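> Letter by letter, the chains look like this.
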Amino acid sequence: MSGKPILHYFNGRGRMESVRWLLAAAGVEFEEKILKSAEDFENLVKGGNLMYQQVPMVEIDGLNLVQTRAILKYIAAKYNLYGKDLKEKALIDMYVEGMRDLNEMIMYYPLCYPGEEEKNLNFILERATERFFPVYEKALKSHGKNYLVGNQMSWADIQLFEAILMVEELKSDILSAFPKLQEFKARMSKLPSIQKFLQPGSQRKAKMDGKNLAEAKKIFKFDDSVFLKHMS
Amino acid sequence: MAVKPMLHYFNGRGRMESVRWLLAAAGVEFEEKILKSAEDFENLVKGGNLMYQQVPMVEIDGLNLVQTRAILKYIAAKYNLYGKDLKEKALIDMYVEGMRDLNEMIMYYPLCYPGEEEKNLNFILERATERFFPVYEKALKSHGKNYLVGNQMSWADIQLFEAILMVEELKSDILSAFPKLQEFKARMSKLPSIQKFLQPGSQRKAKMDGKNLAEAKKIFKFD
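Respectively, the protein sequence lines represent chains A and Y.
Count the first sequence with our numbering and you get residues 1 to 232, in order.
Count the second sequence with our numbering and you get residues 1 to 223, in order.
Because the hints were derived from the structure by calculation, they are not lab data.
Treat the hints with caution; some may be incorrect.
Stretches of chain A that chain Y covers, calculated by requiring three or more beta carbons in the stretch to come under 8 Å of a beta carbon on chain Y [as the list claims (entries may be wrong)]:
1) 50-63
2) 73-80
3) 102-112
4) 129-138
Dumping the calculated DSSO-like pairs for lysine-lysine here, alpha-carbon to alpha-carbon at most 30 Å [as the list claims (entries may be wrong)]:
5) Y:180 with A:218
6) A:36 with A:221
7) A:87 with Y:205
8) A:180 with A:78
9) Y:185 with Y:87
10) A:138 with Y:185
11) Y:171 with A:221
12) A:185 with A:217
13) Y:84 with A:87
14) A:87 with Y:4
15) Y:190 with A:4
16) A:46 with Y:119
Note that this is a predicted model, so its numbers are computed, not measured.
Glycine included, every Cβ here is placed at the ideal spot set by N, Cα and C.
Go ahead and model the full structure; you've got the sequences and the hints to work with.
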């Protein structure tokens, strides 16, 4: 009997949350080994299964997958969430790469310099409403189908749903100018696998707060200066 | 008759150089529309073919591909540089994502704060020699084959060759502790398509200098 995928990360969203979403939406049960201390992380590194001494890492099918995109692509391909041909893959890739840019901005937001919170928040919201959401609104409007690519659910739809929820946590009416995205969100919310993941007590992780950030800093021993300030 | 891929970017390496390498190593001829001014870029945006109003953009097979990774993956898959099954793809993906992290550090290096050049340079060199190169050295040593994955050339080999050359531009003896990578580099250098790309006058772009950076800032209006 094949084992369930095992996710190695700390108890927060970070780079692993998109993996949790993808597995959950695909109806794939998974387990988690939660790193709670710097020692936990050091032991994992010493274990030799982290290609670049970094997490996320996902044990699946006998592989120790690292690098968020490599992990997501493997899962998407394995569970038929990656379109049916090279052109659909290209469209899905273009959509998710934009979403990952947005995702990354939101992930780094708690680490911004004190006093720059408002500026960074405005930048994220501007990018969401002027660069990214219009693309997906237009796609849904142009073909009138329920999913972004190929008339079937793909990695792009799950990534978009996750992105919408995360931006709404920053500004709850962010979709006010995007009727198609509102309909999309409502439809996706009704899917059983997604409903299940949205329930309290699921493996979905909470939005990062000060305590969670302090925990991450303690486990991974980073400080703010490690991050290049290069929001694009 | 098939139309050649058309690359839209400015006259520098930036995020497009990996695409140039991949096409060149695969022996695929391509054309370039070089943005020379802020107006050129604005016109391209107005043309409506940039999904996120950003370059790189590559016209290929009737698609206007944007986002560097989406472009590279499409080309790799199209030209059989992406392994033969899902597990080989996963290995290639893990390798290239590491290389892209290194690539990104080097790309941003000219933009670092004044006075921090040495610190950033040391950080890049440390990452190269302690995090990234050991992985690829070990892979080559463990299976003893000429290529990183599956005993045939893939995107990972081309990306690695590009990364090695770029780090060597920062420190010429960076491979001194990596005998397998030295052999790898020598073998790759001999491939006809790569030899051609290494010739002066090829479409390979020069390392960014102050003038090139100023040009990019002017065209893309960033600080």
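> Hint by hint, note whether the structure agrees.
Each hint tested on the structure:
no. : hint             : verdict
1   : 50-63            : holds (count 5)
2   : 73-80            : holds (count 4)
3   : 102-112          : violated (count 0)
4   : 129-138          : holds (count 3)
5   : Y:180 with A:218 : violated, 37 Å
6   : A:36 with A:221  : holds, 13 Å
7   : A:87 with Y:205  : holds, 29 Å
8   : A:180 with A:78  : holds, 29 Å
9   : Y:185 with Y:87  : holds, 25 Å
10  : A:138 with Y:185 : violated, 46 Å
11  : Y:171 with A:221 : holds, 28 Å
12  : A:185 with A:217 : violated, 33 Å
13  : Y:84 with A:87   : holds, 19 Å
14  : A:87 with Y:4    : holds, 17 Å
15  : Y:190 with A:4   : violated, 45 Å
16  : A:46 with Y:119  : holds, 27 Å
Hints 3, 5, 10, 12 and 15 from the earlier list are contradicted by this structure; the remaining hints agree with it.
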